[in-house]
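Going down the list, the sequences are from chains A, B, C, D, E and F. With numbering that gives the first Met the number 0, letter number 11 in the first sequence gets 10, and the count goes up by one each step, no holes. With numbering that gives the first Met the number 0, letter number 106 in the second sequence gets 105, and the count goes up by one each step, no holes. With numbering that gives the first Met the number 0, letter number 120 in the third sequence gets 119, and the count goes up by one each step, no holes. With numbering that gives the first Met the number 0, letter number 101 in the fourth sequence gets 100, and the count goes up by one each step, no holes. With numbering that gives the first Met the number 0, letter number 108 in the fifth sequence gets 107, and the count goes up by one each step, no holes. With numbering that gives the first Met the number 0, letter number 137 in the sixth sequence gets 136, and the count goes up by one each step, no holes.
No lab work stands behind these hints, which were simulated from the structure alone. Think of the CB as a built atom: it goes at the ideal place given N, C-alpha and C, for glycine as much as any other residue. There's no promise every hint is true.
[Unchecked claim] Derived DEER-like restraints, expressed as beta-carbon distance ranges: (1) Tyr155(F) <-> His12(D): 30 to 38 angstroms; (2) Gly153(D) <-> Gly153(E): 37 to 45 angstroms; (3) Lys46(E) <-> Ser152(A): 28 to 36 angstroms.
[Said to hold, decoys possible] With a Cα cut of at most 27 angstroms, we get these calculated DSSO-like pairs of lysine-lysine: (4) Lys21(B) <-> Lys131(C); (5) Lys68(D) <-> Lys46(D); (6) Lys68(C) <-> Lys68(D); (7) Lys131(C) <-> Lys51(C); (8) Lys68(A) <-> Lys68(D); (9) Lys21(E) <-> Lys51(F); (10) Lys68(E) <-> Lys68(D); (11) Lys21(F) <-> Lys131(E); (12) Lys46(D) <-> Lys46(B); (13) Lys51(B) <-> Lys131(C); (14) Lys51(E) <-> Lys131(E); (15) Lys131(A) <-> Lys21(E).
There are 6 protein chains.
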Amino acid sequence: MGDELTHVDKQGHVGMVDVGSKQETGRKAVVRSVVRLASSTMHMLMKQALPKGDVLVTAKLAGIMAAKKTGELIPLCHPLFLSYVDVRFDVQQDENRIVVEAEARTTAATGVEMEALVAAQTACMTIYDMCKAVQRDIVIEDCRLVHKSGGRSGTYQA
Amino acid sequence: MGDELTHVDKQGHVGMVDVGSKQETGRKAVVRSVVRLASSTMHMLMKQALPKGDVLVTAKLAGIMAAKKTGELIPLCHPLFLSYVDVRFDVQQDENRIVVEAEARTTAATGVEMEALVAAQTACMTIYDMCKAVQRDIVIEDCRLVHKSGGRSGTYQA
Amino acid sequence: MGDELTHVDKQGHVGMVDVGSKQETGRKAVVRSVVRLASSTMHMLMKQALPKGDVLVTAKLAGIMAAKKTGELIPLCHPLFLSYVDVRFDVQQDENRIVVEAEARTTAATGVEMEALVAAQTACMTIYDMCKAVQRDIVIEDCRLVHKSGGRSGTYQA
Amino acid sequence: MGDELTHVDKQGHVGMVDVGSKQETGRKAVVRSVVRLASSTMHMLMKQALPKGDVLVTAKLAGIMAAKKTGELIPLCHPLFLSYVDVRFDVQQDENRIVVEAEARTTAATGVEMEALVAAQTACMTIYDMCKAVQRDIVIEDCRLVHKSGGRSGTYQA
Amino acid sequence: MGDELTHVDKQGHVGMVDVGSKQETGRKAVVRSVVRLASSTMHMLMKQALPKGDVLVTAKLAGIMAAKKTGELIPLCHPLFLSYVDVRFDVQQDENRIVVEAEARTTAATGVEMEALVAAQTACMTIYDMCKAVQRDIVIEDCRLVHKSGGRSGTYQA
Amino acid sequence: MGDELTHVDKQGHVGMVDVGSKQETGRKAVVRSVVRLASSTMHMLMKQALPKGDVLVTAKLAGIMAAKKTGELIPLCHPLFLSYVDVRFDVQQDENRIVVEAEARTTAATGVEMEALVAAQTACMTIYDMCKAVQRDIVIEDCRLVHKSGGRSGTYQA
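Excised from the complex, chain A in its bound form:
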């Protein structure tokens, strides 16, 4: 039956990669994303005057918790153990931007880019949620991998 199954699968095919033979090594990934706010929103955020309260700590916890759900959100991602997740913020008041940097680490047979990406974007979406009562045109932009190390492909630094 294998052959027919393979054949049918060619129409509209999707598939997980088998990581059974990949090496379990320490792996790390860092993703950066940016939230652009109006200056009035930035002002309220810095004064902790937004209606839902402290934006950054909520975004940080949301990002960390979402990283643990990566395998649930991204269909072809492998579930994996995370030894560390962090979400950090660089609030650039003069430019009305918050740079969100998420880092994920593991010892596993597959990388943690997606975990860092989910953490960064969920933190950004939480900032959006905490600010949306006072501003409708918030933009989340420039989300990209900035560092990846461990595994066969070596270190990548953007």
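Since chain A is already given, all that's left is putting chains B, C, D, E and F on it; use the hints.
Chains B, C, D, E and F only, in chain A's frame:
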């Protein structure tokens, strides 16, 4: 207190198996299940004319994603890392049947039969969902383990 | 942009049905599925001698809890409130079969067939899990809708 | 005790908005986000030559499924019923961009911006996941609300 | 078949209550629970000197997010919409106790005691997690319903 | 950018511990918690006369299943594999108390106290849910760690 606890537990007892001393080895399981459709439904499925769209790719992704939730769905199952999950289809148009075959692989202290079973049955239920607007008497049948290897008990082939 | 989006969507299209204009009414669905066991397994089940303990109560709770996750498991299903879920068993010892019957009820704009189906099949998979240590060729079969009422399409009785 | 509790709460305060007195009306939101790919990646995507398979259908289903998890991902979001979620793509090959547009609809006491945002960004992250084996500098950018209607605040069109 | 099913069900029976005929009204519940700490731990908590950081805001967000998962955690609970969840703290430094008060509100056919209970206990467990590196004999105690209103049974005030 | 990020993070800081360099060893934790009932409720529980059915088996399964969700509920907890979870009861009828004891075991780089705690408290909350129709002043109390072994810090026995 241990004794009393054990005693009470004898009434209506249920319990997880301790896999702490089992061997971490490569393990694999394959489960097969069948969806029986009316010929008119099968015809619409093949023409991609069903109201919710492409049945097989949706069923395949649903099966893969559900396998990752096995420990959440089956009360006494151990959560585990999966190195690979696949769902394949053999569309037997003449017999108005779709044979769904799900495969799960891991390196762990416990087998992956339940993960393959959850993948196969969720793929079948998704086929049901995608077709139910045009047919009410769809049947899901003949779901069984067809292969299991790795671990102490050796290889099983149905 | 709408047009181009629609166009692209035609390749590999899938989509949720919009139930925004459907009527909120009382709705009910009943699904039946069957687990076929060896007589020795059935004997152990009836004596509560299986290693993981009481099979039916575990399967019942697993089915009820899974029904609440239907929207998570089936990609194009709507999440909905459930006013009632039940899973019942007819243990046919002479025929070495357990008939599993799941019922779901709601007051909503969409039906509860999928919730009853998920409850029935998850209960069957849990029976499989509780018995698999003593039998490898368990079969889950003959799963079908037996009753559906409420909503525009009227009552269906198989 | 209420007073002291309120007082303590002022330090590091966060809080959900009470929507108990808001009106249940039809509500809709549309969010747009963009994935920027290398031309070689775009080429492989169009030829369905990427290792994990069909990118757009996987991203679409991931977006729809993630929208249903919005209340789980965004800490202060209300869980709500969704009557419709869609994710659409405008593949702009000449500019090596995929514009992702997500729409969410409900009849509820609170808006569905966050559901549309989660759908759009999860679809983008899934495109990233499906393409990351062949390109490391994929960018997700320009994510913003483009339409919102229903509820007290009237219609917003970007 | 109904009769046999009912009969079998009497052995090891469990069951959800059918709330289909209950009234949809505004409902509210408040639960209080207490975490007892050593004075040295309390001192570190107040100085924000604990290794995992700000205890109360993390506990508050954990409680709010857990309330939304009540139907997933408590097997026979109905999933429901929540219009409001809050978690408040009364830090009683002299007595080395933190009183945690959780409130849940809804408009539904069933009460929200379990949602308030899950929020309060998850907030307490999170306080435990944030402090456990410096103290092993933390106690969570005296968890009880303090207020319940809405629904047929009238207002309860402890 | 690292420095600025670190700086900002000092305001409202929270963070996961990096367990990447901790030892993978066998670890075990036992937590005990108590549910105090009225004598009439205890009487109904022992006679299995409560409206939702068999309390202890439901509470046991709920506790085991919740332990597997610990990383989802407790924001800064690491997700981990569990080799064993158990929940046991000591029904002290004369004192109208049920002592709930939960045990979790793993081979991992981090301890399983939180998994045992979540199992114990969720079992207690489920007992509360099964009994609340007949009693409103149920108390959950005296929840504490009673045993912890494995890992660098040695064995703890309360």
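Evaluation of the provided hints:
1. Against the hinted window of 30 to 38 angstroms, the Cβ-Cβ separation of Tyr155(F) and His12(D) comes to about 35 angstroms, which satisfies the hint.
2. Between Gly153(D) and Gly153(E) the C-beta distance comes to about 40 angstroms, which sits within the given range of 37 to 45 angstroms.
3. Between Lys46(E) and Ser152(A) the beta carbon distance is about 44 angstroms. The supplied range of 28 to 36 angstroms is therefore violated.
4. Proximity of Lys21(B) to Lys131(C) is assessed by CA-CA distance (about 17 angstroms); at most 27 angstroms being required, the pair is judged to hold.
5. Restraint check for Lys68(D) and Lys46(D): not satisfied, since their Cα atoms lie roughly 32 angstroms apart, outside the 27 angstroms limit.
6. Between Lys68(C) and Lys68(D) the alpha-carbon distance is near 11 angstroms, which keeps this suggested pair within the 27 angstroms criterion.
7. For the hint pairing Lys131(C) with Lys51(C), the CA-to-CA distance comes to about 10 angstroms; that is within 27 angstroms, so the pair holds.
8. Annotation: proposed proximity of Lys68(A) to Lys68(D) holds, straight-line Cα distance about 11 angstroms (limit 27 angstroms).
9. Of the supplied pair hints, the one linking Lys21(E) and Lys51(F) holds, its CA atoms being roughly 17 angstroms apart against a limit of 27 angstroms.
10. Under the criterion of a C-alpha separation no larger than 27 angstroms, the hint pairing Lys68(E) with Lys68(D) is consistent with the structure, at around 11 angstroms.
11. Taken as a hint, the Lys21(F) and Lys131(E) pair is honoured in the structure, with Cα atoms around 17 angstroms apart against an allowance of 27 angstroms.
12. For the hint pairing Lys46(D) with Lys46(B), the CA-to-CA distance comes to about 21 angstroms; that is within 27 angstroms, so the pair holds.
13. Annotation: proposed proximity of Lys51(B) to Lys131(C) is violated, straight-line Cα distance about 36 angstroms (limit 27 angstroms).
14. Taking the CA atoms of Lys51(E) and Lys131(E), the gap is about 10 angstroms. The hint holds against a cut of 27 angstroms.
15. At roughly 36 angstroms between alpha-carbon atoms, Lys131(A) and Lys21(E) are farther apart than 27 angstroms, so this suggested pair is violated.
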